[in-house]
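Protein chains in written order, with UniProt numbering: chain A, 1 to 280; chain B, 1 to 555; chain C, 1 to 306.
In case anyone wonders, no lab produced these hints; they're calculated from the structure.
From chain B, some residues computed to sit far from chain C (all C-beta separations above 12 angstroms): (1) Pro318; (2) Leu382; (3) Lys498.
The calculated label-pair distances, taken between Cβ atoms and stated as ranges, are: (4) B:Ala367 x A:Gln242: 29 to 39 angstroms; (5) B:Glu210 x C:Ala6: 42 to 52 angstroms; (6) B:Ala371 x A:Leu92: 47 to 57 angstroms.
All C-beta atoms, glycine included, are put in the ideal place defined by N, C-alpha and C.
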Amino acid sequence: MFRTLLRRPSLLIGLIVIALVLAGALFAPLIAPYQPDAQMFDGLSLEGAPLPPSHQFPLGTDTLGRDLFSRLLYGARTSLLIGLVANGIAVLIGLLIGTIAGYFSGLVGGTLMRFTDLMMAFPALLLAIVLAALLHPSLWIVALVIALVNWAQVARIVYTETRSLAERDFILAERAMGAGHLRILVLHILPHLVPTAIVWGTLGIATTVLLEATLSFLGIGVQPPEPSWGNIVFESQSYFQQAPWLVFFPGAAILMTALAFNLVGDALRDITDPTQRGRG
Amino acid sequence: MLKTLSRLPSLPLSRSRLLRSSVLAVAIAFAPAVLAPGFVAPAMAQTPGGDIVVTYKDDIATLDPAIGYDWQNWSMIKSLFSRLMDYTPGTPNLVPSLAESFTVSPDGLTYVFKLHKGVKFSNGREVVPADVKYSIERAVNPKTQGPGAGFFGAIEGFDEFSAGKADGLSGITTDADSVTFKLSRPDATFLHVLAINFASVVPKEVVEAEGADFGKKPVGSGTFILKDWVIGQKLSFVKNKDYFQKGVPFIDSFTVEIGQEPLVAVLRLQKGEVDIAGDGVPPAKFLEMTKSPDAAGMIVDGEQLHTGYVTLNTKIKPLDNVKVRQALNMAINKDRIVRIVNGRATPANQPLPPLMPGYDKDFKGYAYDPAKAKELLKEAGLPDGFSTVLYSTNTDPQPRIAQAIQQDLAAIGVKAEIKALAQANVIAAGGTEGEAPMIWSGGMAWIADFPDPSNFYGPILGCAGAVAGGWNWSWYCNKDLQARAVAADSMSDPAKVKEREAAWGKVFTDIMADAPWIPVFNERRIVAKSKRMGGPAEIYVDPTRVINYDAIFVK
Amino acid sequence: MLALLAKRLVQSALILLGVAAITFVLLYALPADPAVLLAGRSATAQTVANIRHQLGLDQPLLVQFWHYLGNLLQGDLGRSFTQKTDVAPLILARLPATLTLMAAGIAMELVIGVSLGILAALRRGGLVDRLVMSLSFVGVSTPQFLVALLLLYVFAATLGWFPMSGYGTAAHIVLPAATLGILGAGWYARIVRSSMIDVLNQDYVRTARAKGLSRRRIVLRHALPNAILPAIAMIGIDIGQFMSGVVVVEAVYGWPGIGQLAWQAIQQVDIPIIMGVTLVSAAAIVIGNLVADLTAPLIDPRIRAG
Chain A
1 MFRTLLRRPS
11 LLIGLIVIAL
21 VLAGALFAPL
31 IAPYQPDAQM
41 FDGLSLEGAP
51 LPPSHQFPLG
61 TDTLGRDLFS
71 RLLYGARTSL
81 LIGLVANGIA
91 VLIGLLIGTI
101 AGYFSGLVGG
111 TLMRFTDLMM
121 AFPALLLAIV
131 LAALLHPSLW
141 IVALVIALVN
151 WAQVARIVYT
161 ETRSLAERDF
171 ILAERAMGAG
181 HLRILVLHIL
191 PHLVPTAIVW
201 GTLGIATTVL
211 LEATLSFLGI
221 GVQPPEPSWG
231 NIVFESQSYF
241 QQAPWLVFFP
251 GAAILMTALA
261 FNLVGDALRD
271 ITDPTQRGRG
Chain B
1 MLKTLSRLPS
11 LPLSRSRLLR
21 SSVLAVAIAF
31 APAVLAPGFV
41 APAMAQTPGG
51 DIVVTYKDDI
61 ATLDPAIGYD
71 WQNWSMIKSL
81 FSRLMDYTPG
91 TPNLVPSLAE
101 SFTVSPDGLT
111 YVFKLHKGVK
121 FSNGREVVPA
131 DVKYSIERAV
141 NPKTQGPGAG
151 FFGAIEGFDE
161 FSAGKADGLS
171 GITTDADSVT
181 FKLSRPDATF
191 LHVLAINFAS
201 VVPKEVVEAE
211 GADFGKKPVG
221 SGTFILKDWV
231 IGQKLSFVKN
241 KDYFQKGVPF
251 IDSFTVEIGQ
261 EPLVAVLRLQ
271 KGEVDIAGDG
281 VPPAKFLEMT
291 KSPDAAGMIV
301 DGEQLHTGYV
311 TLNTKIKPLD
321 NVKVRQALNM
331 AINKDRIVRI
341 VNGRATPANQ
351 PLPPLMPGYD
361 KDFKGYAYDP
371 AKAKELLKEA
381 GLPDGFSTVL
391 YSTNTDPQPR
401 IAQAIQQDLA
411 AIGVKAEIKA
421 LAQANVIAAG
431 GTEGEAPMIW
441 SGGMAWIADF
451 PDPSNFYGPI
461 LGCAGAVAGG
471 WNWSWYCNKD
481 LQARAVAADS
491 MSDPAKVKER
501 EAAWGKVFTD
511 IMADAPWIPV
521 FNERRIVAKS
531 KRMGGPAEIY
541 VDPTRVINYD
551 AIFVK
Chain C
1 MLALLAKRLV
11 QSALILLGVA
21 AITFVLLYAL
31 PADPAVLLAG
41 RSATAQTVAN
51 IRHQLGLDQP
61 LLVQFWHYLG
71 NLLQGDLGRS
81 FTQKTDVAPL
91 ILARLPATLT
101 LMAAGIAMEL
111 VIGVSLGILA
121 ALRRGGLVDR
131 LVMSLSFVGV
141 STPQFLVALL
151 LLYVFAATLG
161 WFPMSGYGTA
171 AHIVLPAATL
181 GILGAGWYAR
191 IVRSSMIDVL
201 NQDYVRTARA
211 KGLSRRRIVL
221 RHALPNAILP
231 AIAMIGIDIG
241 QFMSGVVVVE
251 AVYGWPGIGQ
261 LAWQAIQQVD
271 IPIIMGVTLV
281 SAAAIVIGNL
291 VADLTAPLID
301 PRIRAG
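Based on the provided sequences and hints, a complete structural model is requested.
Below, the structure is given as structure tokens:
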């Protein structure tokens, strides 16, 4: 294991970044110098402008006089939570639809895959925007919207794999011996899909973190005052020229986190299946 | 940066501080009876000529005067068309425009307007009284789907026509050179109604020929003609050389460029590429420019007839308790909120903005006093506070202001969850009974259609608005005050103007005893103009037009 | 081949029908009432009812959808609630802007991607190669709005090389197109690199080299045309990504395309416009996938749509 890590510095770096973000999120209450939603009177200049990084506020303050560092730490919680929940749901839906469609080819499988094609034909961001406007957004709704947009890709990949599995000799043999569909699916097909699920579970977190940030940046993501890296940028846009740190610190956080998950996911993909390479 | 097109179903009326100190005392005391008929040109040294560039972020939806109702197209429609009545530039003073003169019957029910002779539409045809009747009927006609129909409710035959039971307004009759309006009830605001965009005169034959395209190919008899429109990019207006008031307008043309970020527009303006940045100055840029000597003379900072408020839904527990509503009024630190918007507003204590006739400057309202607020909550049986929901639109800075309000409420134990939604969804929640306990009105705040206090009551605080789909989001209906409001609006006798304004003022301060709103601040309008643009500030933040293209000029 | 094409065309049409149905149901389930918004604040209940009736909003959902489909088949996307004009010309008027932006974005992606890919393939394990391999990941991990703001800050606000926003001249398109193209370029470089390595190892290239043809000639004449094909096929699959990117990029740069139109329409619940833009985008995605699917076997029998 350790040797694998050494041979793949990108995997090591990715894991370190993820560990750091995770630690920041878990121990936010201990690390953060202030409450994330405390609007401090001395956090704004007399004219109401945010303050640059200083001794008192390590990364400066935002447009409401809140400590940016504290908000970034708590924002990590939001991003990771949505990343795990939304992507978890997406992978589950994708696994369910993909295996069923792949295993029961024919009318059921055909219908399910046409539906998957349909979902993939939706412009993802547009669909997410419409959904987010339709459902009053909250952290969980945002997670749900992202899951609804993202599952189709997983379903496609799982479908292809299940199809090829289902035609393999050992499955055909099982079936000939009279094994039930459920038994075959659970005992013989799903275990083979675990690596795929892990790879896409990891890569998908990167996509999810990015999509959440984009929705929040458009003002239809996580509701204030709950900090998310995307809505911090949203609230700071009007000052981005005078106070660029308000945009670039959360931006860097998004980039680092998404990059880390992409690197780890890619490394996992190489380890589990060196022949398969595609776009994350 | 991502500002969406907020379709403000209202028009920002604004006037400058300069005006307030000098002319305004007179202006507010105006009365229809003391009107000097005829166009009163502002007394300043204007030079004719010049082509200017104006920018906006959002697309112009339509230039059809029966339909257009957002603040970008409002001033353009004003200049494309003419109406029976208009205002002296930069003031709320009514003057006859297309009308040469008019008379009002003593009972206030009959208005007769004599039209100017020889006024021509830009297609060359003369404007006749029948055009006035056609145009107003078109605005009321249900088939037009216009938002302004309700303004003409006092004209006889309105109910039948809008229900589709008649083919016109029986209360409008015409002869060779005049138009007569018969009203079913006295309406003290009727002259203002004839000055709003929906009363603009349009040529029937062109409207019918163009059909739905009239909004993109408008023909009127105003100061400017639309020459060219590249959808999503720019509109070119040129001076109407045949405009019936000689010497108006001053500039030869103006080009409206669309899709320009406010910040970009201001930067271009500083480079001299743009003359007026229509969307105003972003806060950070505003702070920078007010400090910079280079930017002197570029910032126009004008007060407008605007109030930003929080509605307290009187039909939702525990906000149905007046003590709770009063407590919330005392909990808000308005000075801090004003700081968050960089001082571009002043704290408010009553629904009417300071420049509106009827504003009570001696009224103190509810001072910021969290301790007393807590006490009131205790009296109301809520010593530990309560949980509620605060709605807001989702464009910056509104969610930030909502968070400032949220923090103030938390200080007295009230936990408000914020729902920042697309404007359409907030409006829908407000108009659904029992849905939205509190709404921060920012981005949708009431800005008057015309400078009269009645405009701040009916739809947003009166009983008529407290219905499903209505705009009275407090669902507040005080029968007693409603009766006083109706009485005030019937005082159309010009001699009673002062009395009427006082009556209205008292209605609004008495409303505050019931505390259905938390008035938060009155926002000023900040516009940037290039140094070559001349004229006083108030024609760039005109009370009835926003930018008054008829009055601005190049130095 | 023709039968396959026909089958795929029917499938695509059905997918678009499904997109239309789902979007329609979603939009009409919105809590906001377009009639109330249109009527404005001073409207009477009667005005609101009139407008609702005029828009046909008082009819059952199925009837409304049936009408919509009927009109759709005739190329009629309905009338905008707020602008009171037909949606199709509104979208058509803005489509050139979006297509220009996408074309410029794709061109930038290809130019950067292909050049880096070739360099990386020619010097495997070298600096460029390692840079490409890591940057491709940075590209897909960066939010588009961040790049948009960064480019604005550096090249427009600070250096003043390009205009901050607007439309019309070549200078205007550079930053928006760069925002769209820069992030994906690394990934295209990756694809070109690996197909280039494949091609360079093939017999005909070895033969050419043995014949003493110049390295430059081999790469440009023989290897490149084959190596670039997978990248072009990738574009078809990527149309969806571009469509999403366009919403953000147009919003930040004030680019007058259909993304901006959709964003404004969503704020105003202008359902016909939202429907129209969704359908146009979905059609673009379906066509993109179709082209990618149909060309993939022609280009390289090893590439099959997965």
